[in-house]
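Could you slot chains B, C and D onto chain A? The hints should help.
Protein chains: 4
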Amino acid sequence: MLRVPPVIVNFKAYSEAVGENALRLARVAAEVSEETGVEVGICPPHVDLRDVVREVGDEVTVLAQAVDAAEPGGRTGHVTPEMVVEAGADGTLLNHSERRMLLEDLKDVCRACINEGLLTIVCASDALAARAAGALSPHAVAVEPPELIGTGTPVSKADPEVVERSVEVVKEVSEETAVLCGAGITDGSDVRAAVELGADGVLVASGVVLADDPKEALLDLISGLE
Amino acid sequence: MLRVPPVIVNFKAYSEAVGENALRLARVAAEVSEETGVEVGICPPHVDLRDVVREVGDEVTVLAQAVDAAEPGGRTGHVTPEMVVEAGADGTLLNHSERRMLLEDLKDVCRACINEGLLTIVCASDALAARAAGALSPHAVAVEPPELIGTGTPVSKADPEVVERSVEVVKEVSEETAVLCGAGITDGSDVRAAVELGADGVLVASGVVLADDPKEALLDLISGLE
Amino acid sequence: MLRVPPVIVNFKAYSEAVGENALRLARVAAEVSEETGVEVGICPPHVDLRDVVREVGDEVTVLAQAVDAAEPGGRTGHVTPEMVVEAGADGTLLNHSERRMLLEDLKDVCRACINEGLLTIVCASDALAARAAGALSPHAVAVEPPELIGTGTPVSKADPEVVERSVEVVKEVSEETAVLCGAGITDGSDVRAAVELGADGVLVASGVVLADDPKEALLDLISGLE
Amino acid sequence: MLRVPPVIVNFKAYSEAVGENALRLARVAAEVSEETGVEVGICPPHVDLRDVVREVGDEVTVLAQAVDAAEPGGRTGHVTPEMVVEAGADGTLLNHSERRMLLEDLKDVCRACINEGLLTIVCASDALAARAAGALSPHAVAVEPPELIGTGTPVSKADPEVVERSVEVVKEVSEETAVLCGAGITDGSDVRAAVELGADGVLVASGVVLADDPKEALLDLISGLE
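Residue numbers (this note's numbering), protein chains in the order written: chain A, 1 to 226; chain B, 1001 to 1226; chain C, 2001 to 2226; chain D, 3001 to 3226.
I should point out that these hints are in silico values taken from the structure, not numbers from a laboratory.
Here a beta-carbon is modelled for each residue, glycine too, at the ideal position from N, C-alpha and C.
Errors might be hidden in some of the hints.
To be verified - Simulated coverage check for chain D against chain C, where a stretch passes if three residues somewhere in it have a Cβ under 8 Å from a Cβ of chain C:
id	stretch
1	3093-3103
2	3106-3120
3	3131-3144
Isolated chain A, as found in the complex (with noise of 0.2 Å):
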């Protein structure tokens, strides 16, 4: 069965995430998940998923960030499903404030990657849309503010309603579904407060690609778990 890892970085296209930083970074994702035991995600960009599978797909849980409402064929500049799969990646996000889906679009896609055995996690700015994001029964659905993303201030302690809500409503429609919480999220005490409200889990982006010692950001986070 697919399991959502309790802390997920998303690289975004920050430069320090593009190329040879990409992977850089993944192994750091690995190392950091040897040494404490806990199951990392990251979600590298489109150009660099490859690589990155090849260099730690057997280590840590690699996502793609997006995935077009595309089938094979006919289209142009899109990300499908059966890409991802056959990149050899674990799964995906979906509907990212920074890549916001139509609702149809994202139920096709959704439905699309759970049958292709990818792990699928859809974003959501709050908890009506946490709740409708669950009505399609992804394996986890990130509640994110797009108010708080990359400012340092953490969702799980700024605004612990919309955490707790969350997994209060996403349960209502769909008890299998993790939730997951992000934005702002930067130490251990952020993820302690997001567990304490009932998420099982959270997703990070510049908290560890921005950090001057990610790794040591990485285990700050995880320390959080415990």
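Then chains B, C and D, alone, in the frame of chain A:
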């Protein structure tokens, strides 16, 4: 409380339903509603919304065809929930297959419309989309497989399972939400089939708007409700 | 021939410019136009377009805020070029920064509007976008750097080069196309600066719509044309 | 200076052109280029871009299928101009009919790609769109009437006027910009017809990707250049 009319006629952008034609069609709906005692809903184009409300606003349920996820203020070319209220309309369609929305925008505008007291009907292409739409707790979800829209092949006969399944999954996530079905509905037997499958009503367009005799067409549809 | 008014007021979705307020503001524009002999353009919300045309259609140039790339027929929630004509309006804005269009849709709708005899004004964010918009040969291109919209810092003073350069490049690709500028325009001196840079007029919104005395504000703007 | 290859093969999302198949097709292109001395361009999927560059980057022109209007940083699921450069690719398609862009985004990304030294080819559906695309001064505009894509009915024979007219209007606004044509191109005679109409080359996809013998298909296409 807001009631969902069992028959709603979407005027779309048909020349037969713009301007004077919109008013004529609106009066037909009002006559039929009075003669049969059945509540009828109509969805005129944005530019005709006010005139139609003035003409028949006391006799039928007047709905906008769409509303944008926009608050009053510096937004150009948008129709806000507040404008629809101010125009005196009763509600709106959202996410029609010809006007799909981002999940996040749909969530925002659905919440805003409900808060404004507007009858809020969210369209969906299949049962899974209906479940996600239902999770937003609108007054109704209208299931319309796009491939049947405008064909004259009624969803309630061509794909009964999508109707049954939609009723089932919408109730799972929002018991109070009504379920309509649409696409290809043209006569009373199509409506009867829909109701027997558990639908609370139908959403029609070309079947009435393009009929030789729209009044007769509408009366025929309503005969299927008995 | 269609003339481009040297001052066009975009009502946007401001509560101050919807319903009765739209009519009041429209009458202000008509009065000012009559008193000064200067043609004024106004862009009411879709739902007020017909009423505004009825009220002042003979006295001012009434423009839709946007038109969709849609032909009459099975299109829901769209405003077609034909609807704008049928409502009696004179033209439309297209591609406003709050309602950006796909290049291909813009091309289709621009051509359709021109063919329908509508005064067609395409917005653009900078000189390069103005050049591409101009290549479609609309009646006017309105250059509005989005970062200055609604700020009260006039483009004609804060970024004179974008105005001059836009005039130059639009003429390169379409000699007949007028060039307006907008964003932050609030008084006559801003208009004068625009005209001195080669602009044929201005596109304003909050500077008039939100003014304590819209008539005075509009008169002041027009004083800059002399 | 960047040269526009006279034959460019878009791999799209065909299963026949992903992963190992992408590499195989890339080697075919390299062989044909070497044997004929004609520069060939290929557009692999995002996830295969790096591997294809490693395999044949010195022998053929490798282009991304699309680039997003995004700068490095907090952007999820996007392919930035910088990523394409970093992956070692030579350029990109933009605005393909299966991946249309907002005019404003196209303008931003077109400028960014040119600034990054990427060979920038903007697709357009007809002569008017080609004129607007040309106004952005990309290295090439590729005219592809969407209704002919994938049909095997070549634009250069079915609609010669759109090719001639596109060449004419693109040169009006940007003399240095090359004009390619595409849609339905399958053999050398289609290419010859295109060149006789003034086109600088062709953009093909299924005609090569889905051919029983892609090498033979590509050689046949190139024979039309003589």
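Results for each hint:
{"no.": "1", "hint": "3093-3103", "result": "holds (count 6)"}
{"no.": "2", "hint": "3106-3120", "result": "holds (count 3)"}
{"no.": "3", "hint": "3131-3144", "result": "holds (count 6)"}
This entry satisfies every hint, going by the numbered hints stated previously.
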